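Number of protein chains: 2
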Amino acid sequence: MKPVLYDLCGANPEQRFSPYCWRTIYALAHKGVDVEIRPTPFTKIKDIAPDAGKTVPILSDNGRIICDSVAIANYLEEAYADRPSLYGGEGGRAACRFIESFVAGALMPILASLVVKDVHDVLAPADQAYFRESREKRFGRSLEDVQAGREARVADLAKALKPLELTLASQPFVGGESPLYSDYILFAALQWPRVVSDMAILEEGTPVHAWFERMLDLHGGLGRQVATGQSAKAA
Amino acid sequence: MKPVLYDLCGANPEQRFSPYCWRTIYALAHKGVDVEIRPTPFTKIKDIAPDAGKTVPILSDNGRIICDSVAIANYLEEAYADRPSLYGGEGGRAACRFIESFVAGALMPILASLVVKDVHDVLAPADQAYFRESREKRFGRSLEDVQAGREARVADLAKALKPLELTLASQPFVGGESPLYSDYILFAALQWPRVVSDMAILEEGTPVHAWFERMLDLHGGLGRQVATGQSAKAA
Numbered sequence: 055m056k057p058v059l060y061d062l063c064g065a066n067p068e069q070r071f072s073p074y075c076w077r078t079i080y081a082l083a084h085k086g087v088d089v090e091i092r093p094t095p096f097t098k099i100k101d102i103a104p105d106a107g108k109t110v111p112i113l114s115d116n117g118r119i120i121c122d123s124v125a126i127a128n129y130l131e132e133a134y135a136d137r138p139s140l141y142g143g144e145g146g147r148a149a150c151r152f153i154e155s156f157v158a159g160a161l162m163p164i165l166a167s168l169v170v171k172d173v174h175d176v177l178a179p180a181d182q183a184y185f186r187e188s189r190e191k192r193f194g195r196s197l198e199d200v201q202a203g204r205e206a207r208v209a210d211l212a213k214a215l216k217p218l219e220l221t222l223a224s225q226p227f228v229g230g231e232s233p234l235y236s237d238y239i240l241f242a243a244l245q246w247p248r249v250v251s252d253m254a255i256l257e258e259g260t261p262v263h264a265w266f267e268r269m270l271d272l273h274g275g276l277g278r279q280v281a282t283g284q285s286a287k288a289a
Numbered sequence: 055m056k057p058v059l060y061d062l063c064g065a066n067p068e069q070r071f072s073p074y075c076w077r078t079i080y081a082l083a084h085k086g087v088d089v090e091i092r093p094t095p096f097t098k099i100k101d102i103a104p105d106a107g108k109t110v111p112i113l114s115d116n117g118r119i120i121c122d123s124v125a126i127a128n129y130l131e132e133a134y135a136d137r138p139s140l141y142g143g144e145g146g147r148a149a150c151r152f153i154e155s156f157v158a159g160a161l162m163p164i165l166a167s168l169v170v171k172d173v174h175d176v177l178a179p180a181d182q183a184y185f186r187e188s189r190e191k192r193f194g195r196s197l198e199d200v201q202a203g204r205e206a207r208v209a210d211l212a213k214a215l216k217p218l219e220l221t222l223a224s225q226p227f228v229g230g231e232s233p234l235y236s237d238y239i240l241f242a243a244l245q246w247p248r249v250v251s252d253m254a255i256l257e258e259g260t261p262v263h264a265w266f267e268r269m270l271d272l273h274g275g276l277g278r279q280v281a282t283g284q285s286a287k288a289a
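As they're listed, the protein sequences go chains P and G. Take the first sequence: its letter number 206 is residue 260 in our numbering, and every next letter is one higher. Take the second sequence: its letter number 163 is residue 217 in our numbering, and every next letter is one higher.
Hints were generated in silico from the structure; no laboratory data involved. Any given hint could be a false lead.
Which copy is meant is left open, because identical chains are indistinguishable; a pair holds if it fits in one copy or across any two.
Straight-line alpha carbon distances no greater than 30 Å define the calculated DSBU-like cross-link-like pairs of lysine-lysine that follow [as the list claims (entries may be wrong)]:
1. K216 <-> K287
2. K191 <-> K56
3. K213 <-> K98
4. K216 <-> K98
5. K191 <-> K213
6. K213 <-> K85
7. K216 <-> K56
8. K287 <-> K108
9. K56 <-> K213
10. K100 <-> K213
11. K85 <-> K191
These numbers come from a predicted model, not from an experiment.
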């Protein structure tokens with residue numbers, strides 16, 4: 055049986071936007087693992103498996119259930135050790151924790167302030183209620199307030215992406231000459247706003263924009279084959 | 055003949071503060087390479103070797119002159135391939151470019167705004183003139199203006215260090231269970247203010263402070279064996 059990946063989705067099951075799931079989707083493609091993706095709305099995650107945890111991605115492979123993107127990447131690296139490495143060695147694996155932490159600490163707060171209401175708007179009604187309640191509790195403000203005035207924060211994102219921009223001055227990917235899991239972590243964070251929003255957050259003609267386009271082209275254009283934008287919810 | 059490392063220094067040759075040189079000093083220790091350090095003030099760098107470039111670190115080893123911290127680390131990894139790796143594989147090497155870029159893009163501007171005038175003050179008079187002219191041109195302001203109001207920016211540094219803080223929640227070093235060149239790059243950036251300034255920039259009791267103390271302890275307390283602070287210039 056094919057491995058199964060439980061991925062997050064909006065009202066339209068083809069609008070899959072999770073920044074944690076997109077890392078995993080690219081990691082599976084990197085390993086050449088053919089997978090069945092099961093789009094799952096927020097409020098259905100609890101039904102996936104009794105002990106599976108409350109967040110996706112969740113991978114079911116060879117009778118094992120693996121939760122959390124970090125655990126899944128480590129599982130894939132070991133279970134498919136004969137395929138191309140996700141990390142390029144133990145130093146690369148360790149450095150991925152820094153890159154994840156960079157995404158969590160430096161990028162996600164800005165990205166959330168750009169598109170959190172757009173995320174809400176692509177969800178089905180039951181998921182909208184869950185998302186609004188849990189996120190407004192986290193932010194201490196309404197989703198509308200978090201996203202208000204977002205145009206001014208596109209410049210903050212460009213500034214926060216400076217480390218990526220400088221990296222790309224010396225090599226085409228964070229992984230070097232070709233992409234590694236480090237690239238997938240960063241790509242997935244930026245795929246999140248791309249999938250849910252109509253707002254352009256990366257300036258065309260910049261090194262980061264060019265890298266993002268290369269990332270969308272990888273693995274047969276995997277990242278492009280997904281419903282995007284505010285109109286996709288009605289599809 | 056022992057390899058020679060040309061390192062930057064203040065009026066006191068034992069006050070060596072360069073964030074680019076400290077990476078290299080730790081990389082040499084990591085490789086177990088015994089080196090002679092030649093403290094060199096800013097205005098004497100041009101006399102080191104005719105084609106050596108205008109910045110330190112400069113390493114002279116086995117009749118070769120290697121300039122630039124990146125080139126030196128790559129040289130050491132190859133020339134001393136039988137010693138412990140600086141990168142932990144090619145993925146780790148590639149990720150070091152991201153970590154350098156993080157230091158250059160996210161940390162150094164804040165660190166400079168905390169201690170650039172303190173750097174000036176530990177230099178000999180001829181170097182002070184060079185440093186003031188070149189840095190004020192770069193910043194478009196006086197050194198005093200750049201550093202003014204710095205107490206308020208200690209919080210900006212803590213925020214910028216969030217990716218490191220989050221990384222240390224899952225492993226003791228950026229390199230994993232033990233330090234790699236990635237740790238040395240980050241350490242060296244923070245060693246710079248420690249050596250020139252009396253200002254405490256890391257809050258005690260935080261994970262980053264604890265990691266920095268571990269870094270100072272490495273390789274026989276290498277990072278502690280240097281003159282520090284504004285009073286050291288008179289030593």
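Hints, one by one, checked against the model:
no.	hint	in the structure
1	K216 <-> K287	neither (33 Å within a copy, 35 Å between copies)
2	K191 <-> K56	neither (38 Å within a copy, 62 Å between copies)
3	K213 <-> K98	neither (37 Å within a copy, 35 Å between copies)
4	K216 <-> K98	neither (37 Å within a copy, 33 Å between copies)
5	K191 <-> K213	both (28 Å within a copy, 22 Å between copies)
6	K213 <-> K85	neither (33 Å within a copy, 35 Å between copies)
7	K216 <-> K56	neither (40 Å within a copy, 39 Å between copies)
8	K287 <-> K108	within (24 Å within a copy, 58 Å between copies)
9	K56 <-> K213	neither (42 Å within a copy, 43 Å between copies)
10	K100 <-> K213	neither (38 Å within a copy, 34 Å between copies)
11	K85 <-> K191	neither (38 Å within a copy, 50 Å between copies)
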